[in-house]
Each structure stands twice: as C-alpha cells, then as structure tokens.
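With these hints in hand, go ahead and build the complete structure from the sequences.
Protein chains: 2
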Amino acid sequence: MIQARVLIRPKEGILDAQGKAVEGALPALGFSGIEHVRIGRIVELEADSTDQLEELCEKLLANPLIEDYEIETVSG
Amino acid sequence: MIQARVLIRPKEGILDAQGKAVEGALPALGFSGIEHVRIGRIVELEADSTDQLEELCEKLLANPLIEDYEIETVSG
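So the sequence lines, in the order shown, correspond to chains A and B. Note that the first sequence covers residues 515 to 590 in the numbering used here. Note that the second sequence covers residues 515 to 590 in the numbering used here.
It should be emphasised that the hints constitute simulated quantities derived from the structure, not laboratory data. Please note: incorrect hints may appear among the correct ones.
The list cannot tell twin chains apart, which means a pair is met if one copy fits it or any two copies do.
[As the list claims (entries may be wrong)] Lysine to any residue pairs mimicking SDA-like chemistry, simulated, CA-CA at most 20 Å apart:
1. K573 <-> H550
2. K573 <-> A542
3. K534 <-> D562
4. K573 <-> L540
5. K525 <-> R555
6. K534 <-> I556
7. K534 <-> I522
8. K573 <-> P524
9. K534 <-> L574
10. K534 <-> R555
11. K534 <-> K573
12. K534 <-> E569
The structure presented is a predicted model; accordingly, all values stated were derived computationally and were not measured.
As structure tokens, this is what we get:
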C-alpha cells in the first residue's frame, strides 16, 4: 500500500476566510509577529496505487475552481 | 521571517467524520483500493520566531482534547 498525503489550499487570490479569522484573533490573544496565515486541509490515505489519486482530488477531495492540491506519496 | 506549517489531525481513536464521509463516497464514484482516509487541517504562516507557535496551536489553531498537531518550520 502507498501512503499518500494530499495538501489542499485555497488558490492564490481566493479569500481564505479561516486564515483571516485566525489573523484577526491573534492580537486579542496576545500574539504578535505572525502573519500571512493560510488554512487548508490535509488528507492522508492508503492506496493500492497512485493512478487514481489525481482523479480522486479533482472529483472528491478538492474543489479545483478555488483550491490547489498537492499529492505527496510517502512509500511506493 | 520563519515559514511554519502546522499539521492538525484528529487524534487516534477519535471519530474522523470527514474521513469516514470520503471513504463512504469512494465506491459510488468508482474508486477502489483506497482506505484509512483521515482528514485534518494545514495552517501555513509566517512568524518572527518559533517561540509562540506551540502556544498558538494550543490556544487557537488546534483543539488539544481531540486533535494532535505537528509544527514544521521551513526556514529559520
């Protein structure tokens, strides 16, 4: 089995509402010097082969209109 | 500035509802041989130092009761 990790991030230029919410909360919690917060998803899974992973991302895991994804395989 | 990446995952033994939903959707979409899907969050940010990152995770980014987090720094 292949261990795969898919990182899904909002595309550049797309509003990252979660990231903005975190940035907005930082000063009230006493944090400073932290910026450019972007929040995405990480999907970890085991697969028989890497063949289907691209299609899986396009169809199910990510929304290609507003999100970029990156597939990392740990063992082959 | 330090580029940091925080990976936040449901703890072992905690129900991962999103992961289960993805697993449930796989057969209907024609995927097979994919299992153990776990879904978490990835937070990417820039910070002046790494000092605050642990506290940031505990207080704001993760829920330590049900989530594990892992901090990776890209450049120091």
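Structure-based check of all given hints:
{"no.": "1", "hint": "K573 <-> H550", "verdict": "between (29 Å within a copy, 18 Å between copies)"}
{"no.": "2", "hint": "K573 <-> A542", "verdict": "between (39 Å within a copy, 12 Å between copies)"}
{"no.": "3", "hint": "K534 <-> D562", "verdict": "between (38 Å within a copy, 18 Å between copies)"}
{"no.": "4", "hint": "K573 <-> L540", "verdict": "between (35 Å within a copy, 10 Å between copies)"}
{"no.": "5", "hint": "K525 <-> R555", "verdict": "both (13 Å within a copy, 16 Å between copies)"}
{"no.": "6", "hint": "K534 <-> I556", "verdict": "both (19 Å within a copy, 14 Å between copies)"}
{"no.": "7", "hint": "K534 <-> I522", "verdict": "both (17 Å within a copy, 18 Å between copies)"}
{"no.": "8", "hint": "K573 <-> P524", "verdict": "within (16 Å within a copy, 24 Å between copies)"}
{"no.": "9", "hint": "K534 <-> L574", "verdict": "between (25 Å within a copy, 13 Å between copies)"}
{"no.": "10", "hint": "K534 <-> R555", "verdict": "both (16 Å within a copy, 15 Å between copies)"}
{"no.": "11", "hint": "K534 <-> K573", "verdict": "between (27 Å within a copy, 16 Å between copies)"}
{"no.": "12", "hint": "K534 <-> E569", "verdict": "between (30 Å within a copy, 19 Å between copies)"}
Hint compliance for this structure: no hint is broken.
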